[in-house]
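Chemist: Chain by chain, the residues run as shown.
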Amino acid sequence: MKGWQQYWRQFSLFALLALVLTGCGKDELSALKPSGPVAAMQFDLMKLSSAIMIGVFIVVMAIFTYVLIRYRKRPGQQGIPKQVEGNHALEILWTVIPFLLLIIMAIPTVTTGFALHKEYPKEEAVQVKVTAHQFWWEFEYPDLGVATAQDLVLPVGKKVQFVLSASDVKHAFWIPALGGKIDTNPGQENKLWLQADKTGIYYGKCAELCGASHALMDFKVEVKEQADFDTWVANMKGVQAKEPVTATSPLAAEGQQIFDKSCLGCHAVAGKGGKMGPNLTNFADRERVAGIKAHTPQNIAEWLKDPQKMKPGNKMPNLNLEENQVKALVEYMETLSVSEKK
Amino acid sequence: MSAHASHAPNRSGLWDYLTTVDHKKIAILYLIAGGIFFLAGGLEALLIRLQLMYPEIELVGAKTFNELITMHGTTMIFLAVMPIIFALMNAIVPLQIGARDVAFPFVNALGFWLFFFGGVLLNTSWFLGGAPDAGWTSYTTLALNQYSGIGVDFYVLGLQIAGLGTLIGGINFLVTIINMRAPGMTFMRMPMFTWSSFITSGLILFAFPAITVGLVLLMFDRLFGGNFFNPDAGGNVVIWEHLFWIFGHPEVYILILPAFGIISEVVSTFSRKRLFGYSSMVFATALIGFLGFMVWAHHMFTTGLGAIANTLFGLATMLIAVPTGIKIFNWLLTMWGGQIRFPTANLFAVGFIPTFTIGGMTGVMLAVPPADYQYHDSYFVVAHFHYVIVGGLVFGLFAGLYYWWPKMFGKMLNETIGKWNFWTFFIGFHLTFFPQHFLGLMGMPRRVFTYLKDQNLDMGNFISTIGAFGMTIGTILFLINVVVAAKSSKRAPADPWDGRSLEWAIPSPPPEYNFVQTPLVRGLDALWVEKMAGNKGMTPAEPIGDIHMPSPSFLPFLMSLGLFVAGYGFIYHNYVVVVIGLLLTLGCMFTRSVKDDPGYHIHEDELEEKGVKA
Ligand code: HEM
Ligand SMILES: [Cu+2]
Chain A
1 MKGWQQYWRQ
11 FSLFALLALV
21 LTGCGKDELS
31 ALKPSGPVAA
41 MQFDLMKLSS
51 AIMIGVFIVV
61 MAIFTYVLIR
71 YRKRPGQQGI
81 PKQVEGNHAL
91 EILWTVIPFL
101 LLIIMAIPTV
111 TTGFALHKEY
121 PKEEAVQVKV
131 TAHQFWWEFE
141 YPDLGVATAQ
151 DLVLPVGKKV
161 QFVLSASDVK
171 HAFWIPALGG
181 KIDTNPGQEN
191 KLWLQADKTG
201 IYYGKCAELC
211 GASHALMDFK
221 VEVKEQADFD
231 TWVANMKGVQ
241 AKEPVTATSP
251 LAAEGQQIFD
261 KSCLGCHAVA
271 GKGGKMGPNL
281 TNFADRERVA
291 GIKAHTPQNI
301 AEWLKDPQKM
311 KPGNKMPNLN
321 LEENQVKALV
331 EYMETLSVSE
341 KK
Chain B
1001 MSAHASHAPN
1011 RSGLWDYLTT
1021 VDHKKIAILY
1031 LIAGGIFFLA
1041 GGLEALLIRL
1051 QLMYPEIELV
1061 GAKTFNELIT
1071 MHGTTMIFLA
1081 VMPIIFALMN
1091 AIVPLQIGAR
1101 DVAFPFVNAL
1111 GFWLFFFGGV
1121 LLNTSWFLGG
1131 APDAGWTSYT
1141 TLALNQYSGI
1151 GVDFYVLGLQ
1161 IAGLGTLIGG
1171 INFLVTIINM
1181 RAPGMTFMRM
1191 PMFTWSSFIT
1201 SGLILFAFPA
1211 ITVGLVLLMF
1221 DRLFGGNFFN
1231 PDAGGNVVIW
1241 EHLFWIFGHP
1251 EVYILILPAF
1261 GIISEVVSTF
1271 SRKRLFGYSS
1281 MVFATALIGF
1291 LGFMVWAHHM
1301 FTTGLGAIAN
1311 TLFGLATMLI
1321 AVPTGIKIFN
1331 WLLTMWGGQI
1341 RFPTANLFAV
1351 GFIPTFTIGG
1361 MTGVMLAVPP
1371 ADYQYHDSYF
1381 VVAHFHYVIV
1391 GGLVFGLFAG
1401 LYYWWPKMFG
1411 KMLNETIGKW
1421 NFWTFFIGFH
1431 LTFFPQHFLG
1441 LMGMPRRVFT
1451 YLKDQNLDMG
1461 NFISTIGAFG
1471 MTIGTILFLI
1481 NVVVAAKSSK
1491 RAPADPWDGR
1501 SLEWAIPSPP
1511 PEYNFVQTPL
1521 VRGLDALWVE
1531 KMAGNKGMTP
1541 AEPIGDIHMP
1551 SPSFLPFLMS
1561 LGLFVAGYGF
1571 IYHNYVVVVI
1581 GLLLTLGCMF
1591 TRSVKDDPGY
1601 HIHEDELEEK
1611 GVKA
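Top to bottom, those sequences are chains A and B. Position 130 of the first sequence, counting from 1, maps to 130 under my numbering, and the rest follow consecutively. Count along the second sequence from 1, add 1000, and you get the number used in my numbering.
These are computed hints drawn from the structure, not numbers from a lab. Ideal placement from N, C-alpha and C gives every residue a C-beta, glycine not left out. One thing to keep in mind: the hints can contain errors.
[Claimed, not checked] Below, computed lysine to aspartate or glutamate pairings styled on EDC-like, alpha-carbon distance capped at 16 Å: (1) A/K315 <-> A/D168; (2) A/K26 <-> B/D1454; (3) A/K198 <-> A/E28; (4) A/K26 <-> B/D1458; (5) A/K309 <-> B/E1058; (6) A/K309 <-> B/E1056; (7) B/K1453 <-> A/E28; (8) A/K73 <-> B/D1498; (9) A/K293 <-> B/D1454; (10) A/K293 <-> B/E1056; (11) B/K1453 <-> A/D27; (12) A/K159 <-> A/D197; (13) A/K220 <-> B/D1454.
[Stated by the list, open to error] Which residues of chain A face chain B? A partial, calculated answer using Cβ under 10 Å: (14) M41; (15) Q42; (16) F57; (17) Q77; (18) H88; (19) A106; (20) H117; (21) K118; (22) K170; (23) K205; (24) L209.
Based on the sequences and whatever the hints tell you, model everything.
Modeler: What follows is the structure, encoded as structure tokens:
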């Protein structure tokens, strides 16, 4: 039997595969490309533990391969192998060595563990209250007096203290590139701090099965320079203190009428509206539609025509809009911006 | 029927199997039922993988996908691998300890039928309004009425009924192993498979009550508005997680320990050496069983238990690596210096070692809570637990089936097909699950029915799906092998592998009374000891005489059927049906209590005639 040769062939195949796969991975998404101190600490622990484990694996595989080659039964082999009961020295050896390796892992586990569970007061960190809903995310900045949804906006290089909960079922809040993950439990609050060291867009995910569209419960994290962040907050505050502005074009005005009638019950714009669905004050500034699709008029229209198609099981009803109503609404929604213009 | 009938009532075919209390036939029932559920769970897995073959495709919808993952996980754990383990335990443990029977044959049959009807109940949900879709963990509040359909009621009642069967099955094995050992079979002479079955049964005894309690509470929440888990009414969602994992974590060890036992037997037999470090193996098994109860919260690191709890549970979890490592090195040293042969059974056992090592390694990595905040609920975890349950347990079960098939059925499985079976399954397995480690680290959460195009997750998912085809081919080859073996007219010898333990001392398949005379055990590897002493077989510990056997009974079937019927009554809130079902069950219990059934005897002159027929 030449099984071991085949085994090696496979092994090298997997090694190759591993290399290729690690090579890719999207910066905005991958836990292997940390962009902040939390993810970096976690990545260090991953590297340490996988290094130790790969070391162990190499030892096991070395003995394994040697044994399989050396002690295969050969044709015509005579006699019965020596029946060995055991060997106390060896058995103690492979009890003690793993124990020592575990201690090496245990020390940073404990220190990092406690570091990640620190809680930062508002003097040291931006406070963000996260509420997870089927299947969207609500973000409130209680100290800044603004609220948004789907796109989380953060200042670069600053600690952010999250307080998280859920309104319906359990979800989990995960931004792999910034650090992982904490559950949002209905009826309870959890804490998590993160920090982004580079500006840009990061991808966030819901990691706990929460119903049909769990897979689509994505959000984006927009990390801005502090000054830009301050401007954003000021703009948001300005807009959210007011009534919705009257639309500019006639088509948008028509859209606004429909919106006020059919949508404000659930969605807030500026200072008005309900909290059942995402706050749409800065909708036009968002990176994605529904957290998943590119922000284009076609995708907005598609969502309005049949929300269940894009995100099955979500709580927004089909409003049975006509083509021209959809057009007007899209036109209006694209005016919902707090920044100068995209 | 006279009080001491001297003949087994003449039963045959289906009726025989519906009424049997013979542990070897119950083993076959478990194997068939578990095998069918394994195919169902495998089909579900294949559909899951097909849906994820390319980004953003629509093969099954989001809801169906959630049903598929829920049913796949639930089916595989509770209805496929558990029963196949019970099949091997039933077929082999009494033989290994030199017993004529198990301690409670009637209870043994009842255990099977409860499992079977529970599993059938659960699976009928597919046709009766939708399967459960809240994940095999059924976390609340997702699993409450407001957020999920009737499927979860099937989950609750199906698992409750099946779980009762498992619990009493476990108790039966505990008592059997404690009480029914042949003279000289001390605890420290028991084969490793018996040892691991013993410890597994102990874990079942303590773990299953936790899920039973959890399921009762969930049932009250769902059926009667109990609000245990409903935060809007003061309930607490995290309690469910604790109850589930206090059961769920030991469950993982309930599954893997028997596989360890099988690997120990197979590796030692095919190296022609005794197991290296037997006593440390026993100790390690017991320690793993014990630690298995201490670490459930490592499934809940992200739940928000706090730094202290997470750290303690993390460190406790890491400790399990020590006894597990002992086992792996002991297997390697068992082969060291041996004469290793590679029939399919040993290929699976040898393939198990590196595969399970990888699963164990990622397990230690998961035990580091700060890092687990990244791994948790991602594809990394999916890769990890499949390395353990498929690469560990399923490889172990294949090894055990190839090894003991001749003993159970009196036919040898074909080696050529067996080798193809191994290689397709082995390569398919690694192709499927190895890339998933990276998918998880690259940001793919688990239980997602699709993933978006621009996220670099395409290739890993594609490879993974291709691998699933490999495993499918492997499984089909096994089925072909079973058919080929059944058709072949060649009978398996009593001891085809030059075995070491007692089951190889009697014919294949064993007669219904197992041992004509109870054997006298004179050391570890009882049969090997006799072989080395130049004896042709075991020395008997008793003279030949009449053998007492328990009578077959239809009551276990009916008793389970009653609960099955009552289950539907609960699901559809029809309490007349509940009462009818429960009356049937209670009536059977009453009958069993008052009816005097002392069994029958097989006379001396009839011995050596009866064999189990498959
Ligand atoms: C035929 C080979 C198998 C394949 C291709 C396969 C594939 C999968 C996939 C793709 C998932 C869903 C992962 C996710 O998105 O969360 C899954 C989940 C799962 N599998 Fe398997 N699997 C296989 C065999 C098994 C076996 C033999 C077991 C257990 C003995 C098992 C236990 C589980 C469990 C417990 C889950 C989690 C279900 C849940 O999330 O509720 N699988 N499997
Ligand atoms: Cu969610």
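Chemist: So, for every hint listed, does it hold in this structure?
Modeler: Okay, the hints, checked on the actual structure:
| no. | hint | verdict |
| --- | --- | --- |
| 1 | A/K315 <-> A/D168 | holds (11 Å) |
| 2 | A/K26 <-> B/D1454 | holds (9 Å) |
| 3 | A/K198 <-> A/E28 | holds (11 Å) |
| 4 | A/K26 <-> B/D1458 | holds (12 Å) |
| 5 | A/K309 <-> B/E1058 | holds (11 Å) |
| 6 | A/K309 <-> B/E1056 | holds (13 Å) |
| 7 | B/K1453 <-> A/E28 | holds (14 Å) |
| 8 | A/K73 <-> B/D1498 | holds (14 Å) |
| 9 | A/K293 <-> B/D1454 | holds (11 Å) |
| 10 | A/K293 <-> B/E1056 | holds (11 Å) |
| 11 | B/K1453 <-> A/D27 | holds (15 Å) |
| 12 | A/K159 <-> A/D197 | holds (10 Å) |
| 13 | A/K220 <-> B/D1454 | holds (14 Å) |
| 14 | M41 | holds (7 Å) |
| 15 | Q42 | holds (5 Å) |
| 16 | F57 | holds (6 Å) |
| 17 | Q77 | holds (6 Å) |
| 18 | H88 | holds (9 Å) |
| 19 | A106 | holds (6 Å) |
| 20 | H117 | holds (4 Å) |
| 21 | K118 | holds (9 Å) |
| 22 | K170 | holds (6 Å) |
| 23 | K205 | holds (5 Å) |
| 24 | L209 | holds (4 Å) |
Figure legend: structure checked against the earlier numbered hints; every hint is met.
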